[in-house]
Amino acid sequence: MSEPLPTFRLDGNDVTFTPGQTVLQAALAAGRHIPHLCYHPEFRPHGSCKLCTVKVNGAHATSCTLPARAGLEVESATAELDAERRMMVQLLFVEGNHFCPSCEKSGHCKLQAVAYDLGMVSPRFDHFFPDRPVDATHPELLLDFNRCILCELCVRASAEVDGKQVFALAGRGMGKHLVVNSPSGLLRDSAIAITDKAAQVCPVGVILPKRVGFAVPVGQRRFDERPISAQAKDFAPRPPDQKGP
Amino acid sequence: MNRATPDATLIDAAVQDALRTWGHEPTRLLQVLRQAQEPLGFLPPAALERIAAELRVPIARVRGVMAFYSFLYPESPGAYRVLFSDNVTDRMRGSKERMREMSQRLWVEAGKVSEDGLVSLDRTSCTGMCDQAPALLVNGRPVTNVDAVRASQVCDLILSRTPLDAWPAELFIVEDHVRRRDVLLDDPMRPGDAIRAAFARGDASGTGPQATLDEVKNARLLGRGGAGFTTGIKWESCSRQAVTPRVVVCNADEGEPGTFKDRLLLNQYADRVFEGMTVAAYGIGASLGFVYLRGEYRYLLDALHATLDRRRREGLLGGAIGGREGFDFDIEIHVGAGSYVCGEASAQVESLEGKRGIPRNRPPRLAEKGYLGLPTIVNNVESYCSAAQIVLHGADWFRARGTSRSSGTKLLSVSGDCERPGIYEYPLGVTVQQVLDDSGARDAIAVQAGGPSGKCIGQDEFARRIAFEDIETGGAFIVFDGSRDMFEIARHFAHFFAHESCGFCTPCRVGTSLLRNLMDKISKGKGSQHDLNTIEELARLLHNASHCGLGESAGRPLLDTLQRFRPAYERRLESPAVEPAFDLDGALDRARRVTGRDDPGAHLGEA
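So the protein lines, in turn, are chains Y and V. Position 72 of the first sequence, counting from 1, maps to 72 under my numbering, and the rest follow consecutively. Position 124 of the second sequence, counting from 1, maps to 124 under my numbering, and the rest follow consecutively.
Source of the hints: derived by calculation from the structure; they are not laboratory data. Since we're looking at a predicted model, the values are computed, not measured.
Mimicking DSBU-like on lysine-lysine, the simulated pairs with C-alpha atoms at most 35 Å apart in a straight line are:
| # | chain 1 | residue 1 | chain 2 | residue 2 |
| --- | --- | --- | --- | --- |
| 1 | Y | LYS164 | V | LYS369 |
| 2 | V | LYS112 | V | LYS96 |
| 3 | V | LYS455 | V | LYS217 |
| 4 | V | LYS96 | V | LYS524 |
| 5 | V | LYS355 | V | LYS455 |
| 6 | V | LYS455 | V | LYS526 |
| 7 | V | LYS217 | V | LYS355 |
| 8 | V | LYS355 | Y | LYS164 |
| 9 | V | LYS369 | Y | LYS55 |
| 10 | Y | LYS210 | V | LYS355 |
| 11 | V | LYS217 | Y | LYS55 |
| 12 | V | LYS521 | Y | LYS55 |
| 13 | V | LYS355 | Y | LYS55 |
| 14 | V | LYS524 | V | LYS455 |
| 15 | V | LYS112 | V | LYS524 |
| 16 | Y | LYS233 | V | LYS369 |
| 17 | V | LYS455 | Y | LYS55 |
| 18 | V | LYS521 | V | LYS96 |
| 19 | V | LYS455 | V | LYS369 |
Taking CB as the label site, the calculated pair distances span:
| # | chain 1 | residue 1 | chain 2 | residue 2 | range |
| --- | --- | --- | --- | --- | --- |
| 20 | Y | ARG44 | V | GLY228 | 28 to 38 Å |
| 21 | Y | GLY219 | V | GLU488 | 47 to 57 Å |
| 22 | V | ASP589 | Y | PRO130 | 11 to 21 Å |
| 23 | V | LYS96 | Y | ASP131 | 27 to 37 Å |
| 24 | V | GLY228 | Y | VAL212 | 52 to 62 Å |
From the three backbone atoms N, C-alpha and C, an ideal C-beta is built for every residue, glycine too.
Same shape as in the complex, but just chain Y (with noise of 0.2 Å):
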């Protein structure tokens, strides 16, 4: 017989996790969500977006590389930790340039899905309006660096499965943002494909093929059918493939 899978608490639900596990990757492959938008099911996790922010035993903590450990008590689904993620999807919101009726990527974006589950209803700071011209150089793809969050997932997908480096980050505080690897540091020039993993995995509208524009009407897209909150098993850890987001 063998040992019974270890626990912790989430919200006073016992969560069962395989040693390795972060908090948050347990409490997704349990059917729990917890809000996230750094972290991808097939990626080690980065730690970087905060909006999976929970308190353990009392103190905040970031659950997606927090490792789960059998009688954590992990608070999420409270009225305090929620309106911290709302305030930092605001806080994405006004650092970019984002108008959601015109992008390709509304209702398959996890930051407006994010948004629409927290319940935010303005993005309520000023706005940055921040100079992002867009990358159209490349045949196949589109570059819209105005949808930018930082998540790092382009970079760690042509890092870690293309083999590839096509992206990288430069600058810092407000300034930092996303860099093309080639000499002119235009797309077309660099060695990223259609097929890449880097060309699927964004969260949200900054790549995106071209000539496809809306082939699912709004309205019938993934968020669209269910809140982002109901599909928590489908962003249980998996191992990578090749296949979509």
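With chain Y's structure known, arrange chain V on it following the hints.
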């Protein structure tokens, strides 16, 4: 001296020279960039491409690293790069006025390069010269006590295109200003004393290096950089790791505004610092050592290298140290390039690996997986000095000073409104009032202890103690008297954090900029009660959800001053309710500058 277009041979020579020093290691990228830039003044595209090719790293990574560090320039900053230190202490001593004068004399706008490419003028975060403020850096070399006469002298030298090496030497004098000495600064220990003591202790007890770890642990030395972690426990946990080699890092990235005590230690007590590192290496079984020297202290580099060389000749570094077969340890100095967050231990390790200085996720701790995945300890300059003393004189001797929970002495960097700014060494537990009295601070209304990321304390708290159980500090002690506006000081700190945020996590990246903007809005008389509430909410979010200590503490100066000096905020509020951030008249400012107009007709009047 026009450095706008270095030719190919110059670029080639600069890159080759840097590669000769650092090799073709991608982990040396930052050092290669920094050294190649020294003769060129900036890093033109050809240099970046060359470095990327030689180190075999993607050009995007090279550009990404360059754009992270304030002191690496993609475009020429002119033959003379003048950077005014921009701490509150510099402003209190007239740095803004000096900068305005120099801007006029040199005919260059702040933040720009003069039209002839001769000179640029800008601000930089605190350069660690607060006891001789205002200070500036010219092509990386510090000039202190910049009064109107000195500012004018610097302008003359620049306008006459005098090479920096021909400038009067007295311009570059940095005073140490030691005002109070205790056991650390008075210790007559000689190079090698502590190393021999470590051997003797281990031999006598038969426990070898463990005896060194035990002694440091029993001394209850807490980290002198400000975090206050127990040094001995950190060392012991690193020594227990199976992986070798292990690594000793000395954090000499003294970036906390208002702190300058490591400058003294590196200048006068470098042997003690290296001795402490060597003793640590003996204790934990390390063979690799690094000093991460802040870019602002680049002027100390040659002397530090000379000390390292002398120690190698004396058998105190390198192979078989002190004649002990198998005890091999050496130290390499990496120079930072203008980034406050690199003072955070894990960001510093990233920077040592040649990357952007982004704090790591923990676990794993650095003691398990640090530099290149090797077990690593990172300690402050002063911690290593104290550790060397503990190994030489014993834990009991160390614990005889200080309080029961904070043993030993601590160096304080005292600056601001006092008659005798400088370095003061006190046993931990000294009251704030004592420091104020000793430094000749007469009508202090507040002290910023530990710099912007520390604590702002008001008059009614001056009986409190500098100790880890009361007011923790890495050493900064900035005094403000009744003439100071605590709102403006807090606003300045908000600008500092927005400038230095690494941008990794959402709350700090965006939150620090929003806090800065809200403080600016209030400063312009456009603030409201609503803005104060928003500041408090954002500051709490930063504290709760940020990735590292920078974000956690970025809102603290605002919360502290809101609590203690609220009237300084409230008298600026335009209306009690909500005031829009958009300034209609302000939006015309650019058009006014372009047209050179400032008459009433160029403004949206109230009427």
